[in-house]
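These are the residues of each chain, in order.
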Amino acid sequence: MTTTPEIRAALPDLPCDDAGPVFKAPWEAQAFAMALALHERGAFNWKEWARELAAVIAELKARGDPDTGEDYYRHWLTALERIATRKGLVTGEVLQARCEQWAQAARETPHGQPIELRR
Amino acid sequence: MNEKAPNAGHRHEHDDAADHDHGDGGSELSEMDLRVRALESLLVEKGYVDPQALDILIETYETKVGPHNGARVVAKAWTDPEFKRWLLTDASAAIASLGYTGRQGEHMVALENTPQVHNMVVCTLCSCYPWPVLGLPPVWYKSAPYRSRAVIDPRGVMAEFGVRLPDSVEVRVWDSTAEIRYLVLPERPAQTEGWSEAQLATLVTRDSMIGTGLPATPSDIVQRAS
Chain Y
172 MTTTPEIRAA LPDLPCDDAG PVFKAPWEAQ AFAMALALHE RGAFNWKEWA
222 RELAAVIAEL KARGDPDTGE DYYRHWLTAL ERIATRKGLV TGEVLQARCE
272 QWAQAARETP HGQPIELRR
Chain E
8 MNEKAPNAGH RHEHDDAADH DHGDGGSELS EMDLRVRALE SLLVEKGYVD
58 PQALDILIET YETKVGPHNG ARVVAKAWTD PEFKRWLLTD ASAAIASLGY
108 TGRQGEHMVA LENTPQVHNM VVCTLCSCYP WPVLGLPPVW YKSAPYRSRA
158 VIDPRGVMAE FGVRLPDSVE VRVWDSTAEI RYLVLPERPA QTEGWSEAQL
208 ATLVTRDSMI GTGLPATPSD IVQRAS
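Residue numbers (the working numbering), protein chains in the order written: chain Y, 172 to 290; chain E, 8 to 233.
Chain Y on its own, in the form it takes in the complex (with noise of 0.2 Å):
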């Protein structure tokens, strides 16, 4: 990834290892590649980017989480939902509301078949 160097520089604390970025669950790499498709195609730069997630952190180090790391993109993805709301992207409500249509797909799918939403 060209962008990788960059996004390091923006975000010491970024999970990776000597070869780039880790993730402990597939989410985490979904959330990620979100966050790197918004930028390549503009919506913000890695600067901006940074400040979003440092203050998801800071809010949640003054409510006493302890921060350790573990929940890098627990924080990633709140940071992603509130800049693409702050960018018009998207809503709080109708994100709120896709989820729960995402849950009740999920209720209405039978195990081993992909989960889609009804249109």
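Hints in this document: simulated from the structure, not taken from any laboratory.
All residues carry an ideal CB built from backbone N, CA and C; glycine is no exception.
Check before you lean on any hint, since a few could be wrong.
As the list claims (entries may be wrong) - Here are the simulated SDA-like pairs of lysine to any residue, each with C-alpha atoms no more than 25 Å apart in a straight line:
1. Y:K195 / E:E35
2. E:K53 / Y:W217
3. Y:K218 / Y:P183
4. Y:K195 / E:Y107
5. Y:K195 / E:N76
6. E:K91 / E:A197
7. Y:K195 / E:P88
8. Y:K195 / Y:D236
9. Y:K232 / Y:R257
10. E:K91 / E:A103
11. Y:K195 / E:I63
12. Y:K232 / Y:P183
13. Y:K195 / E:E66
14. E:K53 / Y:L288
15. Y:K232 / Y:A196
16. E:K53 / Y:P183
What the hints assert, rightly or not - Reference excerpt, derived from the structure (chain Y facing chain E, CB under 8 Å, subset only):
17. L185
18. W198
19. A204
20. M205
21. A208
22. A214
23. L248
24. L251
25. R257
26. G259
27. G263
28. L266
29. P281
30. L288
31. R289
As the list claims (entries may be wrong) - Just a sample of chain E residues kept apart from chain Y, beta carbon distances all over 10 Å, derived:
32. R42
33. V116
34. L172
35. R195
36. A223
Based on the hints, put chain E in the right spot on chain Y.
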């Protein structure tokens, strides 16, 4: 819903991939999965992100997801006959003994590759896929065309990935159920006599543990280094 016993793992012969026995329960997504799917589906619908571009990005990192503990399990089975016997008779317990535990009720079954039999796992659509053990499934692996083709023509699919098996080798294709997840125990590569478990683990690829590939060989490692 079909009439099969919900607990029975099953082996595909040449039946259709749609015949998919997963018990009667619905699926479940974690809170984080839901939030990711919600945001992603909205951004895709509005044209802010291209789903194919996302897949390509994820593909770049797919081997970097999850702890890939399976490599250690396989390497131990290659060096420790007692552990191998245990793994093949009670994979859940053998894997748990190394400290890798999945969610409750998750039942792992290890499938041994031999000179006569090659195993391949196809169901990676959902939580069936034991990614903490195997790492993230490849993006292409989740596609419906791949799934049905893997069942109908496993040799053809493997050949596309550069794996050619002699005709004498029987290919078995396995599909997970809600209760059973599979780990393929590949054959130990030749010329690895005297290798330590840690060295052997470096040869175990994700693809070799789902049966769409073979482990790396000592010469692959030399090539990689140079």
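We went through each hint and held it up to the structure:
1. Y:K195 / E:E35: holds (19 Å)
2. E:K53 / Y:W217: Holds - the C-alpha atoms of Y:W217 and E:K53 are around 22 Å apart, at most 25 Å.
3. Y:K218 / Y:P183: holds (12 Å)
4. Y:K195 / E:Y107: holds (14 Å)
5. Y:K195 / E:N76: With Cα atoms ~12 Å apart, Y:K195 and E:N76 stay inside 25 Å; holds.
6. E:K91 / E:A197: holds (18 Å)
7. Y:K195 / E:P88: violated (31 Å)
8. Y:K195 / Y:D236: Given pair Y:K195, Y:D236 holds - Cα atoms ~20 Å apart, limit 25 Å.
9. Y:K232 / Y:R257: holds (22 Å)
10. E:K91 / E:A103: holds (14 Å)
11. Y:K195 / E:I63: The given pair, whose Cα atoms are some 19 Å apart, holds under the 25 Å limit.
12. Y:K232 / Y:P183: Holds, at about 18 Å.
13. Y:K195 / E:E66: The hint holds at about 15 Å.
14. E:K53 / Y:L288: OK: E:K53 and Y:L288 at ~16 Å, within 25 Å.
15. Y:K232 / Y:A196: holds (23 Å)
16. E:K53 / Y:P183: violated (31 Å)
17. L185: Violated. Min distance 12 Å.
18. W198: Given a least distance of 5 Å, the restraint on Y:W198 holds.
19. A204: Where the cut-off is 8 Å and the nearest Cβ of chain E is about 4 Å from Y:A204, the hint holds.
20. M205: Since chain E brings a Cβ to about 6 Å from Y:M205, closer than 8 Å, the hint holds.
21. A208: holds (4 Å)
22. A214: This hint holds: Y:A214 lies near chain E, its Cβ roughly 7 Å from the closest one there, short of 8 Å.
23. L248: holds (6 Å)
24. L251: holds (7 Å)
25. R257: violated (14 Å)
26. G259: violated (10 Å)
27. G263: Result: violated, 11 Å to nearest chain E Cβ.
28. L266: This interface hint holds because 6 Å falls under the 8 Å limit.
29. P281: This hint holds: Y:P281 lies near chain E, its Cβ roughly 6 Å from the closest one there, short of 8 Å.
30. L288: holds (7 Å)
31. R289: violated (12 Å)
32. R42: Given a closest Cβ separation of 6 Å, the condition is violated.
33. V116: Correct as stated: the minimum Cβ-Cβ distance to chain Y is 16 Å, above 10 Å.
34. L172: holds (27 Å)
35. R195: Holds: least Cβ distance 26 Å, greater than 10 Å.
36. A223: holds (16 Å)
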